[in-house]
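Protein chains: 2
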Amino acid sequence: MKFYDCATAPSPRRVRIFLAEKGIAVPTVQVDLRGGEHLKLAFRAINPEATVPVLELDSGLCITDAVAICQYFEDVRPEPPLLGVGPEERALVTAWLRRIERDGFYAMMEAFRNATPGLKNRALPGPVDYAQIPALAERGRARVAEFFAMLDAHLADRAFIAGRSYSIADITAQITLDWAKWVKLQPAESCRHLWRWHAAVAARPSAAA
Amino acid sequence: MKFYDCATAPSPRRVRIFLAEKGIAVPTVQVDLRGGEHLKLAFRAINPEATVPVLELDSGLCITDAVAICQYFEDVRPEPPLLGVGPEERALVTAWLRRIERDGFYAMMEAFRNATPGLKNRALPGPVDYAQIPALAERGRARVAEFFAMLDAHLADRAFIAGRSYSIADITAQITLDWAKWVKLQPAESCRHLWRWHAAVAARPSAAA
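Those sequence lines, one after another, are chains A and B.
Per our numbering, the first sequence starts with residue 1, numbered consecutively.
Per our numbering, the second sequence starts with residue 1001, numbered consecutively.
Read the hints as simulated data drawn from the structure, not as lab findings.
By construction, the Cβ of each residue, glycine as well, lies at the ideal position given by its N, Cα and C atoms.
There is no bait here: all hints are sound.
Per the computed footprint, the stretches of chain B lying under chain A, defined by three or more beta-carbons under 8 Å from a beta-carbon of chain A, are:
{"id": "1", "region": "1066–1080"}
{"id": "2", "region": "1089–1098"}
{"id": "3", "region": "1132–1143"}
Pairs of lysine to aspartate or glutamate, EDC-like flavour, derived with a Cα cap of 20 Å:
{"id": "4", "chain 1": "A", "residue 1": "2", "chain 2": "B", "residue 2": "1088"}
{"id": "5", "chain 1": "A", "residue 1": "120", "chain 2": "A", "residue 2": "32"}
{"id": "6", "chain 1": "A", "residue 1": "120", "chain 2": "A", "residue 2": "37"}
{"id": "7", "chain 1": "B", "residue 1": "1181", "chain 2": "B", "residue 2": "1146"}
{"id": "8", "chain 1": "B", "residue 1": "1002", "chain 2": "A", "residue 2": "88"}
{"id": "9", "chain 1": "B", "residue 1": "1022", "chain 2": "A", "residue 2": "88"}
{"id": "10", "chain 1": "B", "residue 1": "1120", "chain 2": "A", "residue 2": "138"}
{"id": "11", "chain 1": "A", "residue 1": "120", "chain 2": "B", "residue 2": "1138"}
{"id": "12", "chain 1": "A", "residue 1": "22", "chain 2": "B", "residue 2": "1088"}
A short, non-exhaustive set of chain A residues, derived as facing chain B with CB atoms under 10 Å:
{"id": "13", "residue": "55"}
{"id": "14", "residue": "67"}
{"id": "15", "residue": "102"}
{"id": "16", "residue": "133"}
Only chain A is shown next, with the shape it has when bound in the complex (with noise of 0.2 Å):
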């Protein structure tokens, strides 16, 4: 089994940090984003999606997504659980996990991606090089101001995001605002019970990974 990392990149964090809760330790290889390592032939060979992380198992198949790879790990190492336990906190994991995909990770990730002089024509992650879009970058800076200000509210009442202990979906928010600080658009002081949650989830070792 070999794991394809980016230290610096927050998908691949993800699981690094999903594995620590696990205490699951992998043999990890890592891809160097900043010269163009996933853009490669080689590297296209084992994920032509041109992105990490990418799970190599002994059988051969490749697992080329974040969120598959700690399914893959979740059915063969269930505990502690990370995706929620029973029918139906299990899809109330699943479902906060997407929403901040979609409306936290997915629109920083266009603010990010848009706006970065470093990244013209690499608009999207992948092989295919999409141009830039100012008022893409635009729109993504208002939705992660309005995700923060509804995952805030959400927070009030809770430790966690989605049901009775930390799952994949607060691995999914953490990473979210741990990037945020990165690009320059982290919550708003005001934001204190997400500030809180966020306190309780970097006190965990593993948000060293």
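Position chain B against the provided structure of chain A, taking the given hints into account.
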């Protein structure tokens, strides 16, 4: 249990096909998207995201995401399996489901919502109005063409998109292709593997859902 549906919308159709394959009938309420019923306070009390589908459980929990609803039904009624069997196939199905959504379904949504006169300021689903971005419609059309070419090549030697049987990955591609007809973004006739696969999935009784 109650299913909030809209007979003409592609997202809830994903759940309807899933339920038809499982042989599950759920009391259904039609939400009038064209008339803006999803944006009114009564519906937003059920789903603050102002989207369909929603599954309201007897416990009161509302599951507000199509994939989370499907996962719920897979958990409570595993047969026939539609999310894959065993950790590897399950991961493969999830990775393909998400790739099809991201590069196919959402790209088509960008093309459609950013160019349709009746959706001015409704460039995204949800409660917040966002202006159309013409460049995003154009990029969406280019991405949809890339996506269909990729899927056609993938299906050259396969009966199903991921794993050994029909799955939620096929359903997601199926609703995307059927919607493509409606928004006039259909694959080229030369995509013969894709069209052969489509004829096979369209012949399943569940396609009428």
